[in-house]
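K.L.:
Chain by chain, the residues:
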Amino acid sequence: MPKVYNWQIGREMDYPYEAAYPEKQFGAVFDINKCIACQTCTLACKNAWTSGRGQEHMFFNNVETKPYGSYPLGWDVRLLEQLGGQSWSGGVYTGKTVFEAAPAGRAALGFLPEDEDWAHPNHGEDEVAGTIDTGAYFTLPHPVWMFYLQRICNHCSYPACLASCPRKAIYKREEDGIVLIDQTRCRGYRECARSCPFKKVLYNTVTRVSEKCIACYPLVEQGRQTYCTLSCIGRIRINGWVNFPDKAVLDSPVDFLVHGRKVALPLYPQFGLNVNIYYIPPIHVPSEFLLQMFGPGVPNAIDTYKRVKDDPELLGVLLLMGSTDKWIEKFRVKEGFAYGYDAKGDEVSRVPLKEPIYIRPDFNAATGAFLHNTP
Amino acid sequence: MTRFSKYLPLMFVLALAIALSSNGLALAQAQPQFISAYQDGDLPVADPLSAAWDSVPVYTASVTPQSAIKPTLFQATISSIDVQSLNNGKDIVFRLVWTDETQDLHATKPDEFRDAAALQFSVQDLDAEQTQKILCMGAAGQLTNLWHWKADWQYDVDEGFFDVVDAYPNFWLDHYPFVVGEPPFRLPTDFNSDSAKRYLIGWSAGNPLSDPARVTPVEDLNAYGFGTVTSQANQDLLGRGVWQDGKWYVVFSRSLTDNDAADIQFTTDRSFSIAFAAWDGSDQQVGARKQLSTWTTMLLETKEGIAGPAKKILGLPIGAAIAVGVVVVLVILGGVLLVMRRRKAA
Numbered sequence: 033m034p035k036v037y038n039w040q041i042g043r044e045m046d047y048p049y050e051a052a053y054p055e056k057q058f059g060a061v062f063d064i065n066k067c068i069a070c071q072t073c074t075l076a077c078k079n080a081w082t083s084g085r086g087q088e089h090m091f092f093n094n095v096e097t098k099p100y101g102s103y104p105l106g107w108d109v110r111l112l113e114q115l116g117g118q119s120w121s122g123g124v125y126t127g128k129t130v131f132e133a134a135p136a137g138r139a140a141l142g143f144l145p146e147d148e149d150w151a152h153p154n155h156g157e158d159e160v161a162g163t164i165d166t167g168a169y170f171t172l173p174h175p176v177w178m179f180y181l182q183r184i185c186n187h188c189s190y191p192a193c194l195a196s197c198p199r200k201a202i203y204k205r206e207e208d209g210i211v212l213i214d215q216t217r218c219r220g221y222r223e224c225a226r227s228c229p230f231k232k233v234l235y236n237t238v239t240r241v242s243e244k245c246i247a248c249y250p251l252v253e254q255g256r257q258t259y260c261t262l263s264c265i266g267r268i269r270i271n272g273w274v275n276f277p278d279k280a281v282l283d284s285p286v287d288f289l290v291h292g293r294k295v296a297l298p299l300y301p302q303f304g305l306n307v308n309i310y311y312i313p314p315i316h317v318p319s320e321f322l323l324q325m326f327g328p329g330v331p332n333a334i335d336t337y338k339r340v341k342d343d344p345e346l347l348g349v350l351l352l353m354g355s356t357d358k359w360i361e362k363f364r365v366k367e368g369f370a371y372g373y374d375a376k377g378d379e380v381s382r383v384p385l386k387e388p389i390y391i392r393p394d395f396n397a398a399t400g401a402f403l404h405n406t407p
Numbered sequence: 002m003t004r005f006s007k008y009l010p011l012m013f014v015l016a017l018a019i020a021l022s023s024n025g026l027a028l029a030q031a032q033p034q035f036i037s038a039y040q041d042g043d044l045p046v047a048d049p050l051s052a053a054w055d056s057v058p059v060y061t062a063s064v065t066p067q068s069a070i071k072p073t074l075f076q077a078t079i080s081s082i083d084v085q086s087l088n089n090g091k092d093i094v095f096r097l098v099w100t101d102e103t104q105d106l107h108a109t110k111p112d113e114f115r116d117a118a119a120l121q122f123s124v125q126d127l128d129a130e131q132t133q134k135i136l137c138m139g140a141a142g143q144l145t146n147l148w149h150w151k152a153d154w155q156y157d158v159d160e161g162f163f164d165v166v167d168a169y170p171n172f173w174l175d176h177y178p179f180v181v182g183e184p185p186f187r188l189p190t191d192f193n194s195d196s197a198k199r200y201l202i203g204w205s206a207g208n209p210l211s212d213p214a215r216v217t218p219v220e221d222l223n224a225y226g227f228g229t230v231t232s233q234a235n236q237d238l239l240g241r242g243v244w245q246d247g248k249w250y251v252v253f254s255r256s257l258t259d260n261d262a263a264d265i266q267f268t269t270d271r272s273f274s275i276a277f278a279a280w281d282g283s284d285q286q287v288g289a290r291k292q293l294s295t296w297t298t299m300l301l302e303t304k305e306g307i308a309g310p311a312k313k314i315l316g317l318p319i320g321a322a323i324a325v326g327v328v329v330v331l332v333i334l335g336g337v338l339l340v341m342r343r344r345k346a347a
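The listed protein sequences derive, respectively, from chains A and B.
The opening residue of the first sequence carries number 33 in our numbering; numbering runs sequentially from there.
The opening residue of the second sequence carries number 2 in our numbering; numbering runs sequentially from there.
Treat the hints loosely; a few may be bogus.
[Unchecked claim] Listed below are several chain B residues computed to face chain A (Cβ distance under 8 angstroms; list not exhaustive): (1) 71; (2) 75; (3) 177; (4) 184; (5) 185; (6) 188; (7) 192; (8) 263.
[Claimed, not checked] If you want a taste of the chain A side facing chain B, the calculated C-beta under 10 angstroms gives, among others: (9) 82; (10) 237; (11) 368.
Bear in mind the hints are in silico, worked out from the structure with no lab data behind them.
Beta carbons are placed, not taken as given, at the ideal position from N, Cα and C, and that holds for glycine.
Next comes chain A alone, as it looks inside the complex (with noise of 0.2 angstroms):
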């Protein structure tokens, strides 16, 4: 079987395919710590590309509840399971990758999810991970906690799918790295449902054939982001190309906050994906949690965020998350404003550090009223 390199993991490993990378790739952050799971992502989501029939059960984009929210059921503790122990040594993965663990006869480890597991999406909603006691009261991190996780397809640089389709109908776009099904070559086998960790391959009912998020390509391509990133209120994501870290471009916001800070880590790398989406960790969390989620990665990220108010630059990149609907290719901070411009380096956003502040006098003499906030 060819080797690979993964970034993520340190080292090479075994993929069923020669290495072959897009031009650009397709990537996201999320930031975590600002997510309230209002779902207007996944309701956005829905409405554009889900709302047909056959399409009832499926979400592109899901945000669920850590630790016991999952959607499909167990998606993640049932890969877990079987994958076994997970160790690190330093930045290296030394544990097997669902390439590595795969049966014989299969491309890659994994399960095919049951009818049943489709039903409950907000299975685990809000719930924390353990009860509080009498007297109980906060510190860094929680004591009792939860945390909410946005999920979309990673358009992973080695996908599982992809791995696994025996009819070769998934592929990996040059263009962007943005991973699809041919809709008229699959024949419904879920050979690609069964692999992904993810489980963000879905069978469509009516079509008996599966579908997967498309990354809003029609938006990436107009140099627009995503719906799940503009229609986001909390303004928690921002789409942008990724690169591996010897190409890093760092005046570009996702290199800069994955590899420039280091702040935003892959979902899930012991799997071995080298997935394109990145998580800013939840600083109020356990960090063996953390860890066994996000990898080795955690505790510098966690370090930098909280220092984020002597960074100007990281500040200025968190600040243009959600601030347009257009692809910001390069962003620079300067003069107390972020800014982000486009591939022809028109700007397309810019938002102050810091929010102006005007202080008035309580009693306006001219009208003879006081001004004050009045319940």
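Got chain A; can you put chain B on it based on the hints?
P.N.:
Here is chain B on its own, set in the frame of chain A:
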């Protein structure tokens, strides 16, 4: 001379004998084993349970789990398929019968797979040896024609399209984009406009798997290697499958010849390489997860008798006989050599 080298000629002779005898076996295996019987008049093309099948010779094809390409099938749930065929000089019909305790009619729920069966033909007129070399699913420049019957298509044809409202009886959704009619709505009628179809991507993309208005349970396909199965533009197969008492009875039919170059043409001047496969839906068998047979040579019976290329039919047993004869001569020769050496040594 060492003890080992003394026996070298004998070992050579024996090795040659084994090689030739296994070749002889291969030749013997490639003998015609399956005949499409001639019958005057109408054929039981729509009735897999017709009494007309009772008198037709049965060829039992052993099937084994597919293991040549990922994903493989680990354990067979079907071990053999009973195959019969009739032709009347105009049309041809095949019947496949196999044991399957579970009747899996649908592929609607995300974890649901249907039963299925297929016939495979080498489109080109290859001899048996050439056919064995192309393995399953054909090869570049060596097209195969596949006739694939699906239990879910059969249900759709018999009972109407099996919709989400059938799979989930308590299902309700108020609205779909551009739908007409009243909830809970029905495919294809309530979704038949171009605008509504746009939300049924597989259907609007022209994928035959996604067409809710089916007219046949048998798909006409071609393949030229693993992973290349492609539905034909011209669908000209008929068929019908009935499950009864733990067995599937499925008929497949077509005219003996047609104008489609991608189709197998059942002409009287050749023999045919045919193979069989079956899928058990309750075991989640689909695609490469299947039981399949090796290639079998099929001959067509006509009003005048068995048709086909005479030299090939006669050639194979003669070839096998020659191979056996050569083996016997070589073994005797080896024995004589051994005896002579021993005498010399004594």
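K.L.:
Under the constraints set out in the numbered hints, which ones does this structure not fulfil?
P.N.:
4, 5, 8, 11
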